[in-house]
Amino acid sequence: MDLFLNLVASGLVIGSIYGIIAIAFAVIFKTTGVLNFAQGEVMMLVAYVSWSLGTELSLSFPVLVIVSIGVAALIGIIVERLFIRPMIGQPIFAIVMVTIGLAVMLRSLIVIFWGADAEPFNAAIEGGLVEIGPVVLFTEQLFAIILFFAIMTAVFLFFRFTRIGIAMRATAMDETAALLMGVDVRRISALAWAIAAVVSGLAGITFAIMFSRAPDLWFQGLRAFPATILGGLDSPLGSGFGGLIIGVIGDLSEGYIGQGLKEISGFIVIIIVLMVRPYGLFGEKELERV
Amino acid sequence: MKISKLGALCALAISTALSPAMAEEGITDTEIVIGNILPMTSSAALVGRAAHFGSVVAAAEANADGGVNGRQVVIRTEDDGYVPARTVQGLRKHIDEGVFGLIGTGAGAGTAAILPILEEEGIPAIVSFSPLQAAVDPIKPTVFMIGASYQDLLFAQLKYIHENHNPDNAKYGVIRQDDDFGKQVEEAFTRAVDAFEVDAADPIRYKRGQKDFGAEILKVRSNGVNVLIAGGVTTEIPTMLKESSKFKLPLQVATVPTSTLPPIMKLSAPYGYSYYSGDYISPMGSEGTAHFMEVAKASLSEDELKALNRYAVTGYVATRMMIEAIRRCGDNPTRACAVEKLESGEEFDTAGVTLPLTFAKDRHISATAVRVLEVDPVAGSVTPVTDFAQY
Numbered sequence: 044m045d046l047f048l049n050l051v052a053s054g055l056v057i058g059s060i061y062g063i064i065a066i067a068f069a070v071i072f073k074t075t076g077v078l079n080f081a082q083g084e085v086m087m088l089v090a091y092v093s094w095s096l097g098t099e100l101s102l103s104f105p106v107l108v109i110v111s112i113g114v115a116a117l118i119g120i121i122v123e124r125l126f127i128r129p130m131i132g133q134p135i136f137a138i139v140m141v142t143i144g145l146a147v148m149l150r151s152l153i154v155i156f157w158g159a160d161a162e163p164f165n166a167a168i169e170g171g172l173v174e175i176g177p178v179v180l181f182t183e184q185l186f187a188i189i190l191f192f193a194i195m196t197a198v199f200l201f202f203r204f205t206r207i208g209i210a211m212r213a214t215a216m217d218e219t220a221a222l223l224m225g226v227d228v229r230r231i232s233a234l235a236w237a238i239a240a241v242v243s244g245l246a247g248i249t250f251a252i253m254f255s256r257a258p259d260l261w262f263q264g265l266r267a268f269p270a271t272i273l274g275g276l277d278s279p280l281g282s283g284f285g286g287l288i289i290g291v292i293g294d295l296s297e298g299y300i301g302q303g304l305k306e307i308s309g310f311i312v313i314i315i316v317l318m319v320r321p322y323g324l325f326g327e328k329e330l331e332r333v
Numbered sequence: 100m101k102i103s104k105l106g107a108l109c110a111l112a113i114s115t116a117l118s119p120a121m122a123e124e125g126i127t128d129t130e131i132v133i134g135n136i137l138p139m140t141s142s143a144a145l146v147g148r149a150a151h152f153g154s155v156v157a158a159a160e161a162n163a164d165g166g167v168n169g170r171q172v173v174i175r176t177e178d179d180g181y182v183p184a185r186t187v188q189g190l191r192k193h194i195d196e197g198v199f200g201l202i203g204t205g206a207g208a209g210t211a212a213i214l215p216i217l218e219e220e221g222i223p224a225i226v227s228f229s230p231l232q233a234a235v236d237p238i239k240p241t242v243f244m245i246g247a248s249y250q251d252l253l254f255a256q257l258k259y260i261h262e263n264h265n266p267d268n269a270k271y272g273v274i275r276q277d278d279d280f281g282k283q284v285e286e287a288f289t290r291a292v293d294a295f296e297v298d299a300a301d302p303i304r305y306k307r308g309q310k311d312f313g314a315e316i317l318k319v320r321s322n323g324v325n326v327l328i329a330g331g332v333t334t335e336i337p338t339m340l341k342e343s344s345k346f347k348l349p350l351q352v353a354t355v356p357t358s359t360l361p362p363i364m365k366l367s368a369p370y371g372y373s374y375y376s377g378d379y380i381s382p383m384g385s386e387g388t389a390h391f392m393e394v395a396k397a398s399l400s401e402d403e404l405k406a407l408n409r410y411a412v413t414g415y416v417a418t419r420m421m422i423e424a425i426r427r428c429g430d431n432p433t434r435a436c437a438v439e440k441l442e443s444g445e446e447f448d449t450a451g452v453t454l455p456l457t458f459a460k461d462r463h464i465s466a467t468a469v470r471v472l473e474v475d476p477v478a479g480s481v482t483p484v485t486d487f488a489q490y
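As you go down the protein sequences, you meet chains A and B in turn.
Quick note on numbering: the first sequence equals residues 44 to 333 in our numbering.
Quick note on numbering: the second sequence equals residues 100 to 490 in our numbering.
Pulled out of the complex, with its shape left as it was, chain A reads as follows (with noise of 0.2 Å):
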């Protein structure tokens, strides 16, 4: 039971992490119908500048976060403006094709500027251990698991309750028809970057804290892709959940089973539900009338 029990804490942990990212590429493509391939390098650029505050202005870890959250805003509306705004109208492909060279660009001017070293991420919520019955946590990782509740309450709330979050589901559902009802869907489109930078960005920091702060910090956007594919592209929610099915499973069979499962058995569970829902756990069935 004690190992039972560790083992799904510790896929909680991982899988927090793969499901804020997850919300992120969700948020992007329900919005606007673009897969943004380059949410895990806008994530760890994200990371990396949180870092730089941290280590040079001495910030506190709640300010630090404050201003984390400001400039990941930030960057996630001047990549919209300067990358996607301009293929507006172009085919899908071409800009899921933009998303996939920024992705590269990031990462090389992420080496240029900060180096290839590895560095800890050091913030006042790390290093202290968690105690819950049998269960052991470092304060970082119970942190991951809070953070990841606390997003989905505010992405749900969001998109439930205020006028912007409406605005988005009703340009999700049909751009034509909210810009004739005085929706700005340009606007939405930045903000749905915004946010997915914001959302990404607190899942960089958070894995930055836990192990480094490294070059190859993207990679986890891409480790957590299968977790949209799994809870529905089109469902903020859903693709969070899918993370931590992915966290959760991927940690048991490897526990249990090993040989390298704990990679696979999550592709497994995906190849599975894509058989009997194609549109993801939580994903809306597309209906075309003809």
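To be clear, the hints were calculated from the coordinates, so they are not data collected in a lab.
One or more of the hints may lead you astray.
In the SDA-like style, the derived pairs of lysine to any residue whose C-alpha atoms are separated by at most 20 Å in a straight line are [what the hints assert, rightly or not]:
1. B:Lys345 with A:Asp45
2. B:Lys306 with B:Pro183
3. B:Lys365 with A:Asn165
4. B:Lys365 with B:Asp236
5. B:Lys306 with A:Ile311
6. B:Lys396 with B:Gly166
7. B:Lys347 with A:Pro269
8. B:Lys282 with B:Lys345
9. B:Lys405 with A:Ile155
10. B:Lys405 with B:Asn431
11. B:Lys365 with B:Glu473
12. B:Lys365 with A:Ser95
13. B:Lys345 with A:Leu48
14. B:Lys347 with A:Ile121
15. B:Lys345 with A:Leu46
16. B:Lys258 with B:Ala300
17. B:Lys345 with A:Gly171
18. B:Lys347 with B:Tyr370
19. B:Lys345 with A:Val51
20. B:Lys306 with A:Leu295
21. B:Lys345 with A:Pro163
22. B:Lys405 with A:Ser151
23. B:Lys396 with B:Lys258
24. B:Lys405 with B:Ala159
25. B:Lys239 with B:Thr433
26. B:Lys405 with B:Glu386
27. B:Lys460 with B:Gln232
28. B:Lys405 with A:Val154
29. B:Lys345 with A:Asn165
30. B:Lys347 with A:Glu218
31. B:Lys345 with B:Lys365
32. B:Lys306 with A:Ser308
33. B:Lys258 with B:Asp298
34. B:Lys306 with A:Pro269
Take a look, some chain B residues computed to stay more than 12 Å from chain A by CB distance [what the hints assert, rightly or not]:
35. Asp164
36. Ala184
37. Ile194
38. Asp195
39. Glu219
40. Lys239
No residue lacks a Cβ here, since even glycine has one placed at the ideal position from N, Cα and C.
Based on these hints, arrange chain B on the given structure of chain A.
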């Protein structure tokens, strides 16, 4: 007139045929190109960039002395991003653009992937970045290697632990990457378990790029492992130590040489573990690397100097050997001649980094003696606990 033109053409054809240097790839009247394929980006950039700068230092040293028989040495490095498929692409690009010999051959899996091409193309190569037993066993005609294999580096540490710090009810375990590098790590583990007849848990494998080791360390804990090979490449090592510290696991830990790099020690420091490592060269900062550092300071920028670590030293030694082999071939060096000089049994001076090194026709490996090191990441110290010995 016609006859004289024909004569001139014949003379040109004959002189071209008799001048092998002109026909050789990667060499002109003024330049010799030595190539690297290294991870200049990715998590392994920490070691790849250092190895590249090691080559640059060796080339700068040779060029400052007037080059190799009048030719300047040019280092061209391709980034493989720590992806074996890109190591192959890097080699193809080098071949297309012309390269005389190769030093950096990618990481273990990358080296394994390009071995058949090196053999087919007859490119002299000195594997030094990531020693791989398969590179020289069986012998490949043009491939040489400096440095002990990971099997030997890890086995030496396990032997030291077994003889000096073996815990009661010792149980050995290994967490290793799921590739050629990891295979060597597991071979060291299996060899030690067989040799010492100790109890062992099943090897735990992880996919390249994995950063979280919660489940793996929980397995180590539930299996009662107390002697562990933490078979990470770079940042995986501190992560394994971190998860182990969560449960205060009493572990004797063996690692690969990357664990002695300052960034990895810095990341490992908070978790309370001293661990072992192994190496076949003098550590940075020691008397053995003094000459290397002197040349490096003269040929690299301040930022580049910061990137140096032990992998720069191995890159330097290998490139220095390749340059010397070419120099010994005289005015018209060929790949075949460089290979002949390398395996001649003559000594190659490494400027004090190691004792002079030699290869032979039946031994394409050198610098295989290993010294076990105790690493205290809190103190930032790397202390030899054994002399160099063959394992």
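Hint by hint, here is what the structure shows:
This hinted pair checks out: B:Lys345 and A:Asp45 have alpha carbons roughly 14 Å apart, not beyond 20 Å. For the proposed pair B:Lys306 and B:Pro183, the alpha carbon gap of about 14 Å is at most 20 Å, so the pair holds. Proximity of B:Lys365 to A:Asn165 is assessed by CA-CA distance (about 12 Å); at most 20 Å being required, the pair is judged to hold. Only pairs whose Cα atoms come within 20 Å are accepted, and B:Lys365 paired with B:Asp236 is rejected, the gap being roughly 36 Å.
Using a Cα cut-off of 20 Å, the hinted pair B:Lys306 and A:Ile311 holds, with the two alpha carbons roughly 16 Å apart. At most 20 Å may separate the alpha-carbon atoms for a hinted pair to count; B:Lys396 and B:Gly166 meet this at roughly 19 Å. Restraint check for B:Lys347 and A:Pro269: the C-alpha separation of about 34 Å exceeds 20 Å, so the hint is violated. The suggested pairing of B:Lys282 with B:Lys345 is violated, with an alpha-carbon distance near 28 Å, which exceeds 20 Å.
Simply put, B:Lys405 and A:Ile155 have alpha-carbon atoms about 14 Å apart, close enough for the 20 Å limit, and the pair holds. Note on B:Lys405 and B:Asn431: the hinted pairing is violated, with a Cα-Cα distance of about 37 Å set against a maximum of 20 Å. Note on B:Lys365 and B:Glu473: the hinted pairing holds, with a Cα-Cα distance of about 15 Å set against a maximum of 20 Å. A threshold of 20 Å between alpha carbons decides the hint, and for B:Lys365 with A:Ser95 the separation of about 17 Å falls inside it, so the pair holds.
Restraint check: the Cα-Cα separation between B:Lys345 and A:Leu48 comes to about 15 Å, which is no more than 20 Å; the hinted pair holds. Our distance criterion of 20 Å between C-alpha atoms is broken by B:Lys347 and A:Ile121, whose separation comes to about 46 Å. Restraint check for B:Lys345 and A:Leu46: satisfied, since their Cα atoms lie roughly 14 Å apart, inside the 20 Å limit. Among the hinted pairs, B:Lys258 with B:Ala300 is consistent with the structure: their alpha-carbon atoms are about 18 Å apart, no more than 20 Å.
Simply put, B:Lys345 and A:Gly171 have alpha-carbon atoms about 9 Å apart, close enough for the 20 Å limit, and the pair holds. Straight-line distance between C-alpha atoms of B:Lys347 and B:Tyr370 comes to about 9 Å, which keeps the hinted pair within the 20 Å bound. With a C-alpha separation of about 16 Å, the suggested pairing of B:Lys345 with A:Val51 holds against the 20 Å cut-off. For a cut-off of 20 Å, the pair hint linking B:Lys306 to A:Leu295 stands: about 16 Å separates their Cα positions.
About 17 Å separates the Cα atoms of B:Lys345 and A:Pro163, which keeps this hinted pair within 20 Å; it holds. Annotation: proposed proximity of B:Lys405 to A:Ser151 holds, straight-line Cα distance about 19 Å (limit 20 Å). A threshold of 20 Å between alpha carbons decides the hint, and for B:Lys396 with B:Lys258 the separation of about 38 Å lies outside it, so the pair is violated. Taken as a hint, the B:Lys405 and B:Ala159 pair is honoured in the structure, with Cα atoms around 18 Å apart against an allowance of 20 Å.
Note on B:Lys239 and B:Thr433: the hinted pairing holds, with a Cα-Cα distance of about 18 Å set against a maximum of 20 Å. At roughly 19 Å between alpha-carbon atoms, B:Lys405 and B:Glu386 fall within 20 Å of each other, so this suggested pair holds. For the hint linking B:Lys460 to B:Gln232, the alpha-carbon distance of about 17 Å falls within 20 Å, and the restraint holds. Using a Cα cut-off of 20 Å, the hinted pair B:Lys405 and A:Val154 holds, with the two alpha carbons roughly 14 Å apart.
At most 20 Å may separate the alpha-carbon atoms for a hinted pair to count; B:Lys345 and A:Asn165 meet this at roughly 17 Å. In summary, the hint linking B:Lys347 to A:Glu218 is not supported, as the alpha carbons are separated by about 56 Å, beyond the 20 Å threshold. Straight-line distance between C-alpha atoms of B:Lys345 and B:Lys365 comes to about 18 Å, which keeps the hinted pair within the 20 Å bound. Between B:Lys306 and A:Ser308 the CA atoms are separated by roughly 13 Å; this keeps the pair inside 20 Å, and the hint holds.
The straight-line distance between the Cα atoms of B:Lys258 and B:Asp298 is roughly 15 Å, inside the 20 Å bound, and the hint therefore holds. Restraint check for B:Lys306 and A:Pro269: satisfied, since their Cα atoms lie roughly 16 Å apart, inside the 20 Å limit. With a cut of 12 Å on Cβ distances, B:Asp164 stays outside the contact zone with chain A, its closest approach being about 31 Å. For B:Ala184, the requirement that its beta carbon stay farther than 12 Å from each beta carbon of chain A is met, with the minimum near 16 Å.
Annotated as non-interface, B:Ile194 keeps its C-beta farther than 12 Å from every C-beta of chain A; the closest such distance is 24 Å. With a least beta-carbon separation of about 22 Å from chain A, B:Asp195 lies farther than 12 Å from that chain, consistent with its non-interface assignment. Distance to chain A confirms B:Glu219 as a non-interface residue, since its nearest Cβ pair spans about 31 Å, more than 12 Å. Even its closest Cβ contact with chain A, about 30 Å, leaves B:Lys239 beyond 12 Å, as expected for a residue assigned away from the interface.
Hint compliance for this structure: hints 4, 7, 8, 10, 14, 23 and 30 are not met, and every other hint is.
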